[in-house]
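Go by the hints and put chain B onto chain A.
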Amino acid sequence: AQKITQTQPGMFVQEKEAVTLDCTYDTSDPSYGLFWYKQPSSGEMIFLIYQGSYDQQNATEGRYSLNFQKARKSANLVISASQLGDSAMYFCAMREGPSGGYNKLIFGAGTRLAVHP
Amino acid sequence: GAVVSQHPSRVICKSGTSVKIECRSLDFQATTMFWYRQFPKQSLMLMATSNEGSKATYEQGVEKDKFLINHASLTLSTLTVTSAHPEDSSFYICSARGGGPGSYNEQFFGPGTRLTVL
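Residue numbers (our numbering), protein chains in the order written: chain A, 1 to 117; chain B, 1 to 118.
Extracted from the complex, chain B is given alone in its bound form:
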């Protein structure tokens, strides 16, 4: 299957700082990327969907000014957690989908980024 990378894999930051997480599709062009958030022992919750070159679509309850998403190219999407607070500590996972006719059935996940805000 296709490979999606995330960087960093783990980040610890102080409260009030901003953190940027990168999601890259390494061997395919990702027309759509998704950002999920997972709290300990819970399921994945979709935060937003981003299509290359357009604004991200945020799920209800997700603050778009808090979680800035940029999908500037077909291989890179970034999630920036602005003014992070301890309650933003979570596991953030991205996934990517290509643009072919069968791509709806394929969503490739990155390895995730564990964010800890002190």
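Next up, chain A with everything else stripped away, as it sits in the complex:
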């Protein structure tokens, strides 16, 4: 069964520093996708970054980068130069591969990040 694990219920970081949010996954599908979303207190889900299982390079989007270690089945999110507005809940998610019809997103439990001034 496919599973996403986020072991850090809460993290804090000083403004302007970098922070890594952990995510590990488990799947038997060779083709899958990994996502990170940010959910501020307003509740909206904001897409941050995507990594495909066959992508050779780690994904980057501005201050966000995904440290993809396929053999270890980890897809950690790195936020550089943290800002106060980065304080939010962060979810790691995985899209099912061929066995699931490429449909569902399975979410981890989330990590609440607090950025301190």
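Watch out, some of these pointers could steer you wrong.
[Claimed, not checked] Facing chain A, a subset of chain B residues (Cβ under 8 Å, in silico): (1) THR49; (2) ILE93; (3) GLN107; (4) GLY112.
Hints were generated in silico from the structure; no laboratory data involved.
Since the model is a prediction, treat every value here as computed from it, not as a measurement.
C-beta atoms are modelled at their ideal positions from N, C-alpha and C, and glycine is treated no differently.
Same frame as chain A, but now just chain B:
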């Protein structure tokens, strides 16, 4: 990115009434829409997947007669919580996906609807 709207953003109703939540894709055709439920301080749990013009596929443990999903057009899906009870109080979020070859990697979320059942 594409825009998905939800209406209403917040609803309070009495126990026993039915509530309809709309999810619209504003600038693209959504062949597949998803409905999630999120309890406070918890993760998103997929309730059902709906494809335009066909019956929704419900996740295990989700009562299809309780949570009626209609995906009548490529831009609109509705979730109706029938005979709502206080335990149905939750944050309901929809997402939508287009139908192109790259669409599997794109799922656009609505802003969510907070349902409170008194």
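Hint-by-hint comparison with the structure:
1. A least Cβ separation of about 6 Å between B:THR49 and chain A falls short of the 8 Å threshold, and the interface hint therefore holds.
2. About 6 Å separates the beta-carbon of B:ILE93 from the nearest beta-carbon of chain A, less than 8 Å, and the hint is met.
3. For B:GLN107, the shortest C-beta to C-beta distance to chain A is roughly 6 Å, which falls under 8 Å, so the interface hint holds.
4. Because the closest C-beta pair between B:GLY112 and chain A is about 4 Å apart, less than 8 Å, the hint holds.
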